[in-house]
Amino acid sequence: MFLTSIAAGAIGSIVGIGGGLLVTPVLTLIFGVDIHLAIGASIVAIIATSSGGAVAYIKDRITNIRVGMFLEIGTTIGAITGAAIAAYANSSLLFGIFGVILLLSVVPLLRKRTQELPQGVVNDVVASRLRLNSSYPEQTTNQEVQYNVEGSWIALGIMYVAGLLSGLLGIGSGAFKVLGMENAMHLPMKVSTTTSNFMIGVTAAASAGIYFVRGDVNPFIVAPVVLGILSGAILGTKILVRARNSTVRTIFIVVLAGIAIEMIGKAVGILP
Amino acid sequence: MQSVLSKTLLYGVILSTSIIVIGLVYMAATYSSGYQCDFTDASLNCLLNYNPAAIPHGDYPNTLFSIAAGLAQLKPFAIIQLGVIVLLATPVIRVFASLVLFAIEKDRAFVVITLFVLLVLLFSFFVVPEIPIFKA
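Chains G and S supply the protein sequences, listed in that same order. Position one of the first sequence corresponds to residue 781 (our numbering), numbered consecutively onward. Position one of the second sequence corresponds to residue 84 (our numbering), numbered consecutively onward.
No lab work stands behind these hints, which were simulated from the structure alone. The beta carbon of each residue, even a glycine, is placed where N, CA and C say it ideally should be. Hints may be right or wrong, so weigh each one.
[To be verified] With the C-beta cut set under 8 Å, the calculated list includes, among others, these residues of chain G facing chain S:
(1) Glu852
(2) Val906
(3) Leu910
[Unchecked claim] Covered by chain G, per the in silico footprint, the following chain S stretches (three or more residues, Cβ under 8 Å):
(4) 96–105
(5) 150–156
(6) 175–181
(7) 188–199
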C-alpha cells in the first residue's frame, strides 16, 4: 500500500488531481479493502497530495493563490449542495456522465498538446478587479512568465459543478478543476495543475469531517497510504518544476483518459 | 508572503507525519493497536473489516473524544488518528494563514472571499458531523 501510494502521490501532485480516483480502485481491487474504508482513505490521500505538493508549489510561486481562493467560492458552495442531495443521486449515472465529459475534454487538450504557453490572453473584468493575473518562474526557459486570466465567471461555474461532483461522489474533482483553468481561463498548464493541487485539499477537507465521524477512516489503512502519498507528492513537485508545460499536459491527458475509462467502468458496473 | 504560507504547511505536514510514524513505531513495538482488533489474529481480517457499529469502542477511534481517551492510554491507533487529524487540518490552516496575509495586505475583496471559504470549512468540520443523519 505504501509503494503504490508513492506512485499515486507523485502523479497526483504533477497533474493536480487528488488521487481519490487513483487510490480507491487500487485499495479495493488489489488489496480487497471495503469500499467505504477505501473512500475514507482516499479523502485523506487527497489532502496529503494537496498539502504535500503545495509546500513546494507555493514556495516556488507557481500556484496562483488568488485564483485558487476565488474559485474556491464555487467549489465549496458546490460541495455543500452536493453533499446535501447525495442521498437522491444515482452515482452510476453521474460517473457515466462525468466519464463521458472527461473523454470529450481530451480533444481540445490534444489539439494544444505542443503549446507551451497560452497566447493572446487578456484579463477579463473580474481578473482585473481582483488582480488575478500573475507570473511564475519557468525553470525550463529560465524566465519569469507573465500571464493573464480570462473566463472567470465560466470557470467559477465549472468549479461549482466540480464541487457538486465532489460532494456527491466523494472525489476531489481535480481533473475538472484543471480543465476549467486550462480551457476556460487559459492559464499556463503548470499553473492550472498546481493551483488545482492547492484547491483539492480544501475541497476534500470540506467532506473529511463527515467521513471521519462515520468511521470511514481506518488508521491501519490510512497510515501507509498517507506516508506513501506524501513521499510521492514531494517527488512529484521536483519533477513538475523541471518539466515543460507541454510535458505536464501530455501526462495529464494520459491520466485523464485513464480516469474517464475508470468512470465509465464504474457506471456500467465493471468497477466498484 | 508565499514563503510564510509554505512554511506553515510544511510544519503541519511534518507534524502530522511525525505523529503517524510515532504511532506506527509504537504499534510495531507493542504489537497491538490498542483496540479490539489486534495482531494476535493472524489473518488481520478484522483490521480491514468495515463495521461502523463497532466503533469507537471497537477497532479504532473516530471522534475527537474517543481519540483523546485513546491517547490518554497511549493506544497506537489513537496516536495515528491524531496524526491524520493534524493532516486534515492543514488545508484549514492554509486558508486561515491566507486570510491573515490578505488582511495584512489590506486586500478587502480577498479577505471577504477567504473568510467565506474558511467559514464553510469550519462549518463542515464542526457542525455538519453533528447532524444526526450523518452520524454512524
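Each hint tested on the structure:
1. Glu852: Hint holds; Glu852 of chain G Cβ to chain S Cβ min 5 Å, cut 8 Å.
2. Val906: violated, 10 Å
3. Leu910: holds, 6 Å
4. 96–105: Per the Cβ count (5), the hint holds.
5. 150–156: violated (count 0)
6. 175–181: holds (count 4)
7. 188–199: holds (count 5)
Comparing the model with each numbered hint stated earlier shows that hints 2 and 5 do not hold.
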